[in-house]
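**Q** Throw the hints in and build the complete structure from the sequences for me.
So the sequences go chain by chain: Y and L. Counting in our numbering, the final residue of the first sequence is number 263, and the numbers go up one at a time with none missing. Counting in our numbering, the final residue of the second sequence is number 263, and the numbers go up one at a time with none missing.
It should be emphasised that the hints constitute simulated quantities derived from the structure, not laboratory data. Please note that a few of the clues may not be correct.
Since the list can't tell identical chains apart, any single copy or any two copies may satisfy a pair.
[As the list claims (entries may be wrong)] Derived pair list, reagent style DSSO-like, types lysine-lysine, alpha-carbon separation capped at 30 Å:
(1) Lys144 <-> Lys116
(2) Lys74 <-> Lys144
(3) Lys116 <-> Lys152
(4) Lys252 <-> Lys144
(5) Lys3 <-> Lys147
(6) Lys77 <-> Lys144
(7) Lys78 <-> Lys144
(8) Lys144 <-> Lys103
(9) Lys147 <-> Lys252
(10) Lys74 <-> Lys147
(11) Lys77 <-> Lys252
2 protein chains.
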Amino acid sequence: MEKNVLLTIGYDGTGFSGWQRQPGRRTVQGELEAVLSHLCRQEIQLNGTSRTDAGVHALGQRASFSGNFGIPVKRIKKAANNLLCGGQNSRLRCADIVITEVKEVPMEFHARFDAKGKTYRYVILNRQEPDIFRRNYCYQVERKLDKEAMRKAAAEIIGTHDFACFQSAGGNPRQTTVRTVTRLDITESADDEIVMEITGDGFLYNMVRIIAGTLVEVGSGMRSATEMPEIIQSADRRRAGHTAPPGGLYLKEVYYGDSVGKF
Amino acid sequence: MEKNVLLTIGYDGTGFSGWQRQPGRRTVQGELEAVLSHLCRQEIQLNGTSRTDAGVHALGQRASFSGNFGIPVKRIKKAANNLLCGGQNSRLRCADIVITEVKEVPMEFHARFDAKGKTYRYVILNRQEPDIFRRNYCYQVERKLDKEAMRKAAAEIIGTHDFACFQSAGGNPRQTTVRTVTRLDITESADDEIVMEITGDGFLYNMVRIIAGTLVEVGSGMRSATEMPEIIQSADRRRAGHTAPPGGLYLKEVYYGDSVGKF
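**A** This is the structure we're talking about:
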């Protein structure tokens, strides 16, 4: 009997050329498909929700696959994680990908097309001294950032807008550049971290990193929060700020309909 | 005029085959010597205090070098860190080595031979779920550890003993295996971390990792704290516990005489 399976996946993006399978490169999709194909004894193709770039991390990426395979769904998580760690089930090694949840879903479910929204996290380390242990996990900004100015600018981004100004060239063609951002929080955490969390119904190519770069420029006084409506209205990528580096970005959560997850 | 220079160095050991220079391998000493030789326009040889193994980290490694070079000592830190980051002085990249302090010391000073003591930190992640982002920075132990039992065992280690039982084969030959441990603290930090800090006048090969492995076995109930004096007295490596993995270990601080740092 054919089954359709949805995975929740975390990964440290540092050692990967991004999510998407590419010949001769280590990618998250490529590693997972190799392991799942071995377990299912057939060629498995994963539909990932978000094609994260090289260096981008995930706490809750989702991907689905279907097939007529023998392994019980409830055995996949442990078996796949074991193979991802090199098959030794060793306490001394831990892989840079982990499957945190596996569940069977209706045959018509598709991890990407059925996603109703996502939350991304972007982590800024706001201090002068670099932290060598977090160099791949945050964006270090030396100049003290004005969080209140960043929050004011963030408030202008929330809502339904044409976000063409926050889109890099090079992504897949989109029918429309209109998206709805329902939440954009700027919080301070321990150790000089500033964490931006953004929830929306969809994101354009590099949108979160360009928003992060633009908010950093607002926070450092290079531009004013009051410019934001104008930047958005211009629909001009050159009016927005720089693209913040990939290591600060985390795909945190993907939302589906009621049957699989709430939005 | 010849100068003698002492560096304080932090590094993420993940991407290195340890401290010591080895042909064809990326090592901390090798990277630093290349950068310093370039800046000083002569072959620089570093004397490191501790030859940390592959995967072991440092917060405060020390190393000294001498020579008759033109670059002012106060310019070395910034210039070397810039070169370590690939010479771009870019805010977007951070190296996995950082020089945190540079100072001129008397010509007779030697970073290794003059060290009066060191503190190492060992970080245990005591929880069931792996943390992919910390997999190279701590030792994950799934079984809930009894910190009180670990502290009792630690108290038996403090003092002057023949620590041959905590020495791996393969290190440099030592005149004596007697060392003095002046402090061994077990603290709990946020996020299910157990942090062991050990200070002593010197450490045998793998001594800190074997002590960490032995304390983990005590904490998990596999052996009792009361066995410790017997294990030490046996001077037998096979009586002690396993060697905990390198990623949990950090060289935290090196102590010199009053002129360079207190013990």
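**Q** State for each hint whether it applies.
**A** Here is how each hint holds up against the structure:
1. Lys144 <-> Lys116: neither (36 Å within a copy, 39 Å between copies)
2. Lys74 <-> Lys144: Answer is between: at 26 Å across copies they meet the 30 Å cutoff, but 49 Å inside does not.
3. Lys116 <-> Lys152: within (27 Å within a copy, 54 Å between copies)
4. Lys252 <-> Lys144: both (26 Å within a copy, 28 Å between copies)
5. Lys3 <-> Lys147: neither (48 Å within a copy, 46 Å between copies)
6. Lys77 <-> Lys144: between (43 Å within a copy, 23 Å between copies)
7. Lys78 <-> Lys144: This pair counts as between: shortest inter-copy Cα distance 21 Å, intra-copy 44 Å.
8. Lys144 <-> Lys103: Intra 44 Å, inter 28 Å, cutoff 30 Å: inter-copy only.
9. Lys147 <-> Lys252: within (22 Å within a copy, 33 Å between copies)
10. Lys74 <-> Lys147: neither (45 Å within a copy, 35 Å between copies)
11. Lys77 <-> Lys252: Answer is within; shortest intra-copy Cα gap is 20 Å, inter-copy 38 Å.
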